[in-house]
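S.K.: Listed below, chain by chain, are the residues.
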Amino acid sequence: MELFHVSGKLSGMTRAPGVVATNGRMRFWLDGHLIELEHVDPTRTVLQFLREDLCRKGTKEGCAEGDCGACMVVLAELDGQGERLVVSAVNSCIQFLPTLDGKELITVESLTADGAGLHPVQQAMVECHGSQCGFCTPGIVMSLFALYKNQQRPSRRDIDDALAGNLCRCTGYRPIVAAASAMYDIQVSADDWLRRPGEIAQGCEDRVKRLRELERRDSLALESGGRRFFAPRTLDELVHLVAEHPDATLLAGGTDVALWVTKQHAQLDTLIHLGAVQGLADVRVLDGRIEIGAAATLELAAPVILAHHPLLHEVLRRFASPPIRNVATLAGNIANGSPVGDLIPVLMAADASLVLRSTGGARELPLDSFYDAPRDQRLARGEFIERIHFPLARRGAALRCYKVSKRYDQDIAAVCVAVLLELDAGHVCSIRIAFGGMAAAVRRAPSCEAALIGQTWDAPTVERAMAVVPRDFEPITDLRGTAAYRMRTAQNLLWRLYLETQGELGESIHAYGRHD
Amino acid sequence: MRMGGMTSSVRKHAIGRPLAHDSAHLHVTGAAAYTDDLPEPRDLLHVAVGTSEVAHARIRSIDLADVRLAEGVVEVYLASDIPGANNCGTIVRDEPILAADRVEYAGQAIFAVVAQTVDQARSAARRAQIEYDELPSILDPIAALEQQSFVLPSERLDRGDASSSIERAPHRIERRLRIGGQDHFYLEGQVAMAIPREDGDLLVYSSTQHPDQIQHLVAQAIGCAAKDVVCICRRMGGAFGGKESQAASIACIAALLAQRTGRPCKLRLDRDVDMILTGKRHDFVVDYRAGFDDMGRLRGVEFEFASRCGISADLSGPVNDRTMFHCDNAYYLEHVSIVSHRCKTHTVSNTAFRGFGGPQGMLAIECAIDDVARTLGIDPVDVRRANFYGAGRRDETPPRDVTPGRDITPYGQKVEGNILPELFDRLEADSDYRLRRRQIRDFNQSSRILKRGIAMTPVKFGISFTATHLNQAGALLHVYKDGSVQLNHGGTEMGQGLFIKVVQVVADELGIEIEQIRTHASDTSKVPNASATAASSGSDLNGKAAQAAARKIRRRLAEFAARHFSVSECEVEFALGRVRAARHELSFAELVALAWADRVSLSATGFYKTPKIHYDRATFSGRPFLYYAYGAAVSEALVDTLTGESRLLRVDILHDCGDSLNPAVDLGQIEGGFIQGVGWLTSEQLWWNERGQLQTHAPSTYKIPTCSDVPTDLRVSLLERAPNHEDTIYRSKAVGEPPLMLAISAFLAIRDAIASERNPLPRLEAPATPESILRAIGVGFS
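In order, the protein sequences belong to chains A and B.
The first sequence begins at 1 in this note's numbering and counts up by one.
The second sequence begins at 1 in this note's numbering and counts up by one.
These are calculated hints, taken from the structure and not from any lab test.
We put the beta carbon where it would ideally sit given N, CA and C, even for glycine.
Hints are not guaranteed to be accurate.
Unchecked claim - Every beta carbon over 12 Å from chain A, so not counted as near; a handful from chain B, in silico:
1) R58
2) R68
3) E75
4) S80
5) R426
6) E515
7) R580
8) L761
Unchecked claim - The calculated label-pair distances, taken between Cβ atoms and stated as ranges, are:
9) D247/A x L78/B: 30 to 40 Å
10) A226/B x D206/A: 56 to 66 Å
11) R763/B x E474/A: 25 to 35 Å
12) R464/A x R763/B: 26 to 36 Å
13) V188/A x L38/B: 26 to 36 Å
14) E507/A x D425/B: 31 to 41 Å
15) L38/B x A484/A: 43 to 53 Å
16) L78/B x A116/A: 52 to 62 Å
17) Q264/A x L78/B: 24 to 34 Å
18) G396/A x S446/B: 24 to 34 Å
19) R25/A x Q116/B: 22 to 32 Å
Said to hold, decoys possible - So the derived list for chain A, only partly shown, Cβ under 10 Å to chain B, looks like this:
20) C68
21) V108
22) G172
23) Y173
24) G513
Assemble the whole structure, with the sequences as input and the hints as a guide.
M.R.: Following this line, the structure appears as structure tokens:
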């Protein structure tokens with residue numbers, strides 16, 4: 001086994017005087033080589049590392065914000081229990097390099113690193129004429145590779161979803177979809193894990209063994225030019241690190257934090273990464289609620305949420321794209337608190353609460369109150385979101401969410417509404433309505449709720465509720481829609497809800513005619 | 001197959017085959033090198049630009065002290081530092097590379113900074129202190145029209161008497177249509193790397209559709225001659241017209257900084273700056289008026305187009321000319337009046353984009369036809385057919401009030417080889433259009449919220465640059481002693497498959513395998529004075545030029561073989577890398593080696609100019625196009641009338657590529673063009689705030705189609721056995737742009753879905769975003 005030692009970028013190697021940091025080394029696998037790095041700039045992206053430091057230029061930058069997928073790479077890592085191998089596509093343009101610690105990085109070059117010619121995914125792309133200009137192609141290949149390893153015989157819907165984070169401007173996607181089916185029919189010559197479709201576990205013993213070699217007993221701490229990266233391993237360590245560095249940026253999936261760097265050129269001096277904290281990525285059902293740890297990715301949380309709130313199927317699928325969901329967390333979604341907020345309306349309608357932790361202990365706060373505070377005062381100094389409590393729906397209650405955007409996949413809603421409606425003998429016995437995109441933050445609709453609670457669930461009641469939406473919100477006009485459109489859509493979505501509960505809606509526009 | 005006469009012959013093996021893109025194996029492995037992937041010289045510096053925050057202002061002061069002090073900065077650069085011409089305007093020299101004393105749009109480049117790393121340059125660029133004296137700004141075409149603010153004079157094209165024909169017609173419609181613009185969203189952003197060589201000469205790698213123009217504009221900017229600059233482009237990661245003129249300022253800035261520092265300099269725009277700083281498809285406001293009879297036949301049509309050109313002329317002249325040439329689409333307009341205003345606005349200068357003004361003109365007439373049909377309650381397909389150019393149906397008796405042939409365009413070109421009526425009939429039948437229309441009517445009667453719609457639209461698109469002189473091309477062919485072939489031509493590869501098509505031509509002309517040929521990067525030192533790879537003309541022009549070069553070589557080799565083997569030239573046959581001279585047979589390589597030893601020249605240039613075309617811009621008359629490419633599409637859409645969301649359910653396309661050079665490549669152009677057109681007309685919306693700052697400048701805010709937007713039922717066919725009636729390269733037809741306009745069917749299918757008895761003529765504006773659709777639906781909920 002070869003040992004690579006690649007030093008961080010020269011410009012980042014001088015250490016600021018007086019800073020005492022554990023100067024650790026991060027380690028990860030690439031094409032069977034162990035890469036060990038020290039003095040890593042904490043916000044250097046995997047894409048920069050690949051292109052600028054390793055001169056592996058197959059991975060492209062298309063947008064530097066995780067929206068186009070030209071930079072797609074695949075990570076292989078052990079799951080939270082350290083047992084199962086997990087393979088997922090991620091956007092390298094917004095993945096900070098130190099977060100690779102303990103993982104295996106697979107890039108487009110990796111697929112042919114064995115010298116055995118084109119990988120079946122690549123072969124299928126060639127045969128189906130899946131590339132034209134070719135710039136998005138390496139990223140598409142990597143998303144398809146992740147699909148290839150994770151699934152056998154995907155449906156068109158599965159393929160659409162797997163590619164939701166990849167933009168292609170040339171082909172119109174049809175030949176790529178064809179390749180996503182054809183790739184399973186390519187004869188595999190080498191009996192190699194990378195080349196065999198599906199069945200991640202089969203023949204992965206070497207990989208698992210190598211990943212185990214990277215398991216840490218100590219916590220990773222990196223330092224470069226006075227800027228630091230910590231990846232604590234226990235909750236206790238995390239609490240103390242946050243107390244010690246109250247101005248540090250907490251990093252979970254980084255799908256928002258990375259944009260501060262790539263788009264705004266922000267310099268983040270201290271990063272505390274949540275990804276290595278044991279137990280923090282757990283998702284459990286306990287005491288009538290789903291508990292979602294702050295480091296749990298959406299990909300981990302979604303199936304559990306879905307099992308208890310099946311009507312959220314579509315909104316969970318339409319939350320960004322797989323490469324984002326593979327790393328992004330609900331806690332991060334909440335902490336960043338955008339006006340639209342993806343899943344925040346759902347959480348608010350469900351009456352979710354947050355467990356906030358600091359050296360002073362833990363406190364639980366309803367999500368409503370969290371958002372009542374101005375953005376910079378929601379958390380005390382040294383405090384962070386430890387987990388989210390997402391209540392299960394009571395019998396007779398259903399949680400629904402509708403999202404309206406210009407594009408079906410990977411778009412931010414113009415308007416999003418989530419409703420928890422509990423009907424008893426045709427009466428509204430409880431209702432919680434939360435709108436995204438209608439105010440500076442996600443907010444409940446008190447007048448609307450008041451117009452409905454205790455009333456007969458019928459058309460006149462719903463129309464009365466619709467009429468009072470303007471009392472609750474004064475939306476703005478921006479690139480996603482005018483104020484008038486937002487208001488009208490918000491009202492119409494309540495009508496849609498009503499029709500749906502009456503069974504008068506039939507299939508939604510997005511489900512219509514899609515039978516797979 | 002043998003050719004007659006005294007010449008040698010070849011057997012065709014490559015032409016017409018669905019060969020993979022020549023770089024496909026490189027694309028999928030990440031081994032295809034784009035400009036930013038090229039090996040970087042050790043002493044490379046990186047450039048970033050500083051841009052204006054305001055739309056229109058005099059620059060009071062520029063303070064770059066903080067920029068200079070930023071880490072890694074080597075140099076800052078202003079307009080006043082430019083030794084040559086501060087111009088990146090192409091036809092009219094009216095656009096500065098760097099704004100000097102006045103900025104005219106938010107995002108305009110004012111200065112450049114060069115530093116050791118990309119990050120350093122970009123961070124430093126944000127530290128400038130610029131003070132402005134703001135001036136009133138004009139931010140949309142309507143405001144420009146009111147203030148008579150134009151980049152170029154308005155143009156007018158009349159035939160007959162539209163106004164009185166409309167007045168006399170039994171029915172009339174009148175409408176204002178807004179058509180949105182479109183960002184190219186090539187996946188590879190604009191990038192150039194300039195390398196100083198010696199004695200003041202410069203090598204520029206640029207992601208450009210037009211290396212020749214880069215060469216000339218760079219030479220003018222740095223103050224030297226074209227001979228001193230070489231521009232090379234192996235491939236682009238998409239272009240779509242966005243790298244026709246828009247690559248120039250990026251290359252010029254890199255070149256100027258390379259000249260200043262004496263070191264290689266690279267400028268790669270990040271996505272946001274790229275989208276803010278480079279031009280787009282023109283958005284339009286169109287007023288139209290039409291008069292028509294009971295059958296829906298148009299008696300007279302008036303168009304008044306106003307397009308957002310931005311701050312400078314760029315390519316807006318020919319773009320808007322093409323709008324005028326395509327607002328007839330496939331229809332004979334006996335009495336027509338077309339007015340075109342080229343509006344100057346304080347927004348980025350708009351430019352070429354696949355279709356080049358044609359799509360907007362075509363959308364206008366198709367909406368008008370749709371209005372006519374809905375007004376009369378006739379199926380729009382029947383109204384379309386009633387208005388088609390003639391030469392299609394012999395059984396038809398022309399009404400007395402029109403010219404017998406119904407085949408002369410408003411600009412005086414005779415429509416020849418009009419295969420559209422047959423193509424249209426066939427697609428109508430193959431797509432079960434009538435049956436589905438009935439099914440949709442039934443569905444809509446029982447479905448309360450979801451409504452379906454269907455539309456079938458034709459495309460007739462003129463092929464050739466309207467500027468006649470641009471219709472020329474050159475090629476350079478070297479045959480080496482080992483029988484392998486290097487090919488250069490003036491065309492550039494942006495994913496459209498030009499290189500493989502031209503290789504197929506050369507392979508068949510020389511009777512060799514495609515593997516024996518390598519196309520090298522487009523290079524101004526190999527093929528001079530090449531036109532932009534644009535106007536769908538790439539394979540038409542460069543295929544013919546390469547054919548000419550290959551034929552020269554083949555003639556020399558055949559002459560030699562005839563002499564060498566003492567046979568007649570017509571006995572020499574080339575096929576699949578083998579050469580037969582009567583009873584002698586040898587490999588192409590062996591023949592080449594013998595020819596070399598006999599001192600036969602094995603290098604040739606080829607040249608082509610498109611025949612027959614001529615055009616007088618002053619009168620808007622002549623024959624601007626060698627031929628037309630045709631196609632038709634049937635789209636079926638589904639609309640949610642509560643939210644305005646829409647989806648395409650099924651699309652059927654039948655498209656005319658003549659005798660296709662490469663059906664796989666052509667299919668890719670048709671599908672890709674169609675989906676790109678769907679994006680233009682549905683989800684892609686450009687949005688400026690009240691200060692004139694573009695707010696949709698990244699994929700997070702600007703939404704091109706994704707995989708799930710492509711209908712699960714997509715049936716695309718190439719029209720078979722339809723050789724071009726003109727003598728184009730192997731009787732093929734150009735395919736780059738025409739399919740984009742097939743997407744008009746998707747737009748009108750949405751309109752069909754929301755039209756109702758209560759709202760027969762929905763005012764649907766493009767793009768048909770959920771908001772646009774909901775607005776067109778009009779009244780409130782339920």
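S.K.: Would you mind marking each hint as holding or not holding in the structure?
M.R.: Structure-based check of all given hints:
1. Distance check on R58/B: its Cβ is at least 28 Å (rounded) from any Cβ of chain A, clearing the 12 Å threshold; non-interface status holds.
2. Under the 12 Å C-beta cut-off, the non-interface status given to R68/B relative to chain A holds; the minimum distance is some 17 Å.
3. Against chain A, the non-interface label of E75/B holds: every CB pair exceeds 12 Å, the least being about 18 Å.
4. Taking the minimum C-beta to C-beta distance to chain A, about 27 Å, the non-interface status of S80/B holds against the 12 Å cut.
5. Distance check on R426/B: its Cβ is at least 21 Å (rounded) from any Cβ of chain A, clearing the 12 Å threshold; non-interface status holds.
6. Distance check for E515/B against chain A: the nearest CB is about 15 Å away, which clears 12 Å, and the non-interface claim stands.
7. Against the 12 Å criterion, R580/B stays outside the reach of chain A, whose nearest CB is about 33 Å from its own CB.
8. With 12 Å as the threshold on Cβ separation, the claim that L761/B sits away from chain A holds: the shortest Cβ distance comes to roughly 21 Å.
9. Between D247/A and L78/B the CB atoms are about 38 Å apart, so this pair conforms to the stated range of 30 to 40 Å.
10. Range check, A226/B to D206/A: Cβ separation about 59 Å, and the 56 to 66 Å hint holds.
11. Taking 25 to 35 Å as the suggested C-beta distance range, the pair R763/B and E474/A conforms, at roughly 27 Å.
12. Taking 26 to 36 Å as the suggested C-beta distance range, the pair R464/A and R763/B conforms, at roughly 31 Å.
13. At about 34 Å, the beta-carbon gap between V188/A and L38/B stays in the expected band of 26 to 36 Å.
14. Distance hint for E507/A and D425/B: a CB-CB separation of about 34 Å, consistent with the stated range 31 to 41 Å.
15. At about 50 Å, the beta-carbon gap between L38/B and A484/A stays in the expected band of 43 to 53 Å.
16. A hinted range of 52 to 62 Å for the beta carbons of L78/B and A116/A is consistent with their spacing of about 55 Å.
17. The hinted window of 24 to 34 Å between Q264/A and L78/B holds, with their beta carbons roughly 25 Å apart.
18. Here the CB-CB span from G396/A to S446/B is close to 31 Å, well matched to the stated 24 to 34 Å.
19. Range check, R25/A to Q116/B: Cβ separation about 26 Å, and the 22 to 32 Å hint holds.
20. About 5 Å separates the beta-carbon of C68/A from the nearest beta-carbon of chain B, less than 10 Å, and the hint is met.
21. Among the interface hints, the one on V108/A holds; its C-beta lies about 4 Å from the nearest C-beta in chain B, closer than the 10 Å criterion.
22. Given hint, G172/A at the interface with chain B, holds; its Cβ is 3 Å from that chain's nearest Cβ, closer than 10 Å.
23. Residue-level restraint check for Y173/A holds (minimum Cβ-Cβ distance to chain B is 4 Å; threshold 10 Å).
24. At about 6 Å, the closest approach between the beta carbon of G513/A and any beta carbon in chain B falls short of 10 Å, and the interface hint on this residue holds.
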